[in-house]
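A.B. asks: Sequence:
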Amino acid sequence: METSWSVKASTLAIIILVIVSAFWHPAIAKAQSLKSLKNTFILMQTKKMNETPENLEKLEIKPRNKVLRSNVETLKIEIDVKQLAQIKKARKKALELERKKAEEAKKQAEAKAKAEAKKQADAKVAELTKESLSYDELVNKLNRSLNSTLKGQGEKFAKYAIELGIDPYLAVAIVLHETGCKWNCSSLLKQCNNVGGMKGSPGCNGGSYKAFSSLDEGISAFMNNLYKNYYAKGLTTPETIGPKYAASSTWASKIRAYMQEIEAN
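Read the sequence shown against the numbering used here and you will find it ends at 310, with the numbers running on by one and no gaps.
Worth flagging that the hints you see were computed from the coordinates, not collected in a lab. What you are looking at is a predicted structure, and each value in this text was computed from that prediction instead of being measured. Take the hints with a grain of salt, since some may be wrong.
Stated by the list, open to error - For each label pair, taking beta carbons as the anchor points, the in silico distance ranges come out as:
1. Lys289 <-> Asn310: 23 to 33 Å
2. Asn269 <-> Thr194: 12 to 22 Å
3. Lys157 <-> Gly245: 18 to 28 Å
4. Ala171 <-> Lys289: 43 to 53 Å
5. Lys273 <-> Gln153: 23 to 33 Å
6. Ala135 <-> Ser179: 43 to 53 Å
7. Glu308 <-> Gly225: 12 to 22 Å
Said to hold, decoys possible - Within a straight-line C-alpha distance of at most 27 Å, the following computed DSSO-like cross-link-like pairs (lysine-lysine) qualify:
8. Lys157 <-> Lys146
9. Lys151 <-> Lys138
10. Lys201 <-> Lys145
11. Lys299 <-> Lys201
12. Lys244 <-> Lys204
Every residue, glycine too, gets a C-beta built ideally from N, C-alpha and C.
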């Protein structure tokens, strides 16, 4: 019985010695120390941040070194500047694209409006001349009859004729008869831009025929006079216009002859 207790006591002593030796071994002691420090740090951080140890991995790690922290801010600024430059470039490109689209839309609208205006002008020309003529063809035909100072002015007569609803052949025929521009325009037209032999003031060289400051003004005044004082009152042919426009009884027949020449030209 005593031998048994003696063996047990010896065994217990050996176990205690092993445990004590193991606990104080340098490597083991170091590991225990690090573990203890880690646990202490975790507990401190947990208490400070009021978080659980599982959430410690979410903590933001900031550089403690001032130089390193400064470099991080500089890098951020450089990135922001590059992003801003890219945004500006993209915005500029978008604005340029919108500008080009707007210009293209404007051009298309203008082209459409021009085509529609030409279509209407062609229809008006056919109505006034009783011929299948386009506006451009009418202009060319009038130009072939106009010479001297009025050379190349056919489009102006065509334009006013369409706007006012006047027979362009009749209008140009009166001009040719009154000014001689079939060959060489009269001094009244050359000096005072009077294309239809209109009277009024200021007088050309002090006379009874009116002077105009430009050829465009003279053509406009003639066409508007023909509309206001004749067409608007139902006088739309050489025969009805003649008695009021000129004293000559042969005026209408001469105008009719000019009309036929212009039409055939």
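A.B. asks: None of the hints should be skipped; say for each whether it holds.
C.D. replies: Structure-based check of all given hints:
1. Lys289 <-> Asn310: 23 to 33 Å: holds (28 Å)
2. Asn269 <-> Thr194: 12 to 22 Å: For Asn269 and Thr194 the Cβ distance comes to about 20 Å; the hint holds.
3. Lys157 <-> Gly245: 18 to 28 Å: violated (42 Å)
4. Ala171 <-> Lys289: 43 to 53 Å: The hint (43 to 53 Å, Cβ to Cβ) is violated, given that Ala171 and Lys289 are roughly 29 Å apart.
5. Lys273 <-> Gln153: 23 to 33 Å: violated (39 Å)
6. Ala135 <-> Ser179: 43 to 53 Å: Holds, at about 49 Å.
7. Glu308 <-> Gly225: 12 to 22 Å: Since Glu308 and Gly225 have Cβ atoms about 20 Å apart, the given range 12 to 22 Å holds.
8. Lys157 <-> Lys146: holds (16 Å)
9. Lys151 <-> Lys138: holds (20 Å)
10. Lys201 <-> Lys145: violated (35 Å)
11. Lys299 <-> Lys201: holds (23 Å)
12. Lys244 <-> Lys204: Distance of about 24 Å is within 27 Å: holds.
Violated hints, listed in ascending order, are 3, 4, 5, 10; each of the other numbered hints is respected by the structure.
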